[in-house]
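Sequence order for the protein chains is A and B. The numbering of the first sequence is my numbering, which starts it at 14 and goes up by one. The numbering of the second sequence is my numbering, which starts it at 77 and goes up by one.
Computed list of lysine to any residue pairs in SDA-like fashion (alpha-carbon distance at most 25 Å, straight line):
#1 B:99 / A:195
#2 B:178 / B:85
#3 B:99 / A:95
#4 B:178 / B:190
#5 B:99 / A:196
#6 B:99 / A:193
Since the hints were made in silico from the structure, they are not lab data.
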Amino acid sequence: MKVAHARRIAAVLLSSQYAYMLEYRAEIVLWALSGVLPFIMLGLWSAVDAGDGLGMSSLQLARYFLAAFVVRQFTIVWVMYTFEEDNLNGRLSPYLLQPLPLVWRYVAAHLSEQATRLPFVAMLVGLFFLLYPAAFWWPSVSAVLLAVLATLAAFALRFLMQFTLTMVCFWSERASALERLLYLPYLYLSGLVAPLALYPEAVRNFAFWTPFPYMIDVPARILAGEPVAVGPSFAAMAAWAAVLLPINLLLWRRGLRHYSAMGA
Amino acid sequence: MGRYFTTLRVFWIASLTAELEYKANFLIELVATAGNLVGSLFVLSLFYGRGQSLGGWSWEAALVVLGVYTLLEGITSTLLQPNLSTIVAHVRTGSLDFVLLKPIDSQFWLSARTFSPWGLPGIVLGAALIGFAAWKAGAIPAPLTLLAAALMLIASLMILYSLWFVLAASSIWFVKIWNATEVLRSVLVAGRFPVSAFPTGLRAFFTFVVPVAFLTTVPAEAILGQASGPWLLAGGAVAMASVAVSRWFWQFALRFYTSASS
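Can you build the whole structure from these sequences, using the hints too?
This is the structure:
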C-alpha cells in the first residue's frame, strides 16, 4: 500500500517535471554545451608531446576526457540556485505545505533534466567519434553498468553535498555565493581538468581523502575501461554520504524552525 | 558627453551602496578568486612540471596570459555580468519599454547601469600577476611596449564586451538565452592558456570563430614586448569591428522588440 502510493507520487512527479523540462529543452542544450571544459583540456593535453613520462597514451586521454564529459553531464547539480530563487520569491511556503518532503521535488527535477539532456549528449558523443574515429571503443556491458551505478552514486553524493550547503539559504539571502567556494575544490580535484593519474603523487593522495575524485574521475575511468578499485571507491562514497546526511537533516530541521516566509 | 559621465557616477554610487549591504560577499569573492588562481597555477604546473612547455611559451610568459585572463574575469564580474544579465529580465517583463523611453542611449544604459565591486579582487590579483610575471620574464617597460600593451588590453576588452552584449541582446528573440553567456564563459576558459598550446584545429577555432586569441594571448605578447605588427593591427581591427557589430546588432534587434503583454 505504502510502496504503491510512493510509486504513484514518484511517477507523477517525474512525468510532470519531465514535461516541464522538455519545454526548456533549448535552454538545457545550452547548459549541456557549457560543459565543454573536458574537451578544452583534452586539446591542451593532446598537444603536449605525449611520448614520454605521461603514463597515458593519447587514445587513453581522449577516452578519459570524453567519459569525464559524459559523467559531468549527468552529475550537474543546481538545487542551490533553484532553492534560493524559490525562497526569495516566496514559492517555498506553498511547497512546504504539501504532504511530501520538499527534497523529492528537486530530485525529480534533476533526474528529469538529465533525461532531457540524454539525446543531446548522445549526439555530442557521436560527433566526437566522427571527428576522432580512432578513439572509438565499446565499453564492456559490465563496465557500462558499473559506470552508470557510479555516476548515479556520484550524482547522489554531489546533490547531498550541495543540498546541505543550500540550508544556509534559511539564514542568508545570498547563500548561493557559497557554492562558488564549494565549486573550487570540485573543479580542481574531481578530475575535470586532468585525470588524477597525471597529478603529482602527494596531491593525488590528498585528493582521494576528499569526496571530489569520486564525482568525476572514478566513474569516468570505469567508463573508459581504466583499472579502478571499485569496492573501496563505492565504500568511500557511502562513507561521505553517511557523514553528510545527518548534518543535512539537522540543518533542515533547524532551518525550518528559523524559516519565516518571504513576502511575495 | 558630460551628461553620460555624470549619469555614470550616479549609477555606480547607487549600486555600490546597494552592494555594500552584503559585505561578507567580498570575503567570499576574494577567497574564490584567489582559490581559482591557485587552481589555475596548479594546472599550469602539471604541464610545466614535466619539463614540457605550452606552445613554446616559458612559464613566466604563460603566467602573463593567466594574469590577463584573471583581469578579464574580474572585469566581467564587475561590469559585464551584472549589467548584461538583466537584459533578459527586461525583455521578459517588458520593462525594457521604460529603458527605451529614457532620454539616454539604451545600449549605454543597459551596459553600464550597475557596478558590482565583487570583481575587484580579480582585477587587482590579475594586474599584480601580470606585473610580477612580466618582470620575471624580463620584459622591459619601454614606452612603445606599454603603449602596445595598453592598446591591446583595451582591444581585448572591446571584443569581450561585444561578445557578451551580442549574446545578451539575442534575448529579444529568445527570452531564455541567458545560458548562452554561460556557454561563452565556459569556452573563454581556453583563454587561460596561450592559444599556440592548442592543436591546429582548435587554434583556428579560437582565433577566427571565438577570438580567444585576441582576448589574452595577443595582449600578453604585447606586454612581453613580443607583439608583431600584423597581430597588433588584427587585434585593433577585430576590436573595432566587434564593437561596430554590437552597435548595429542592438539597433537591428530593437526592430523586433514588441514589448511584453499579458
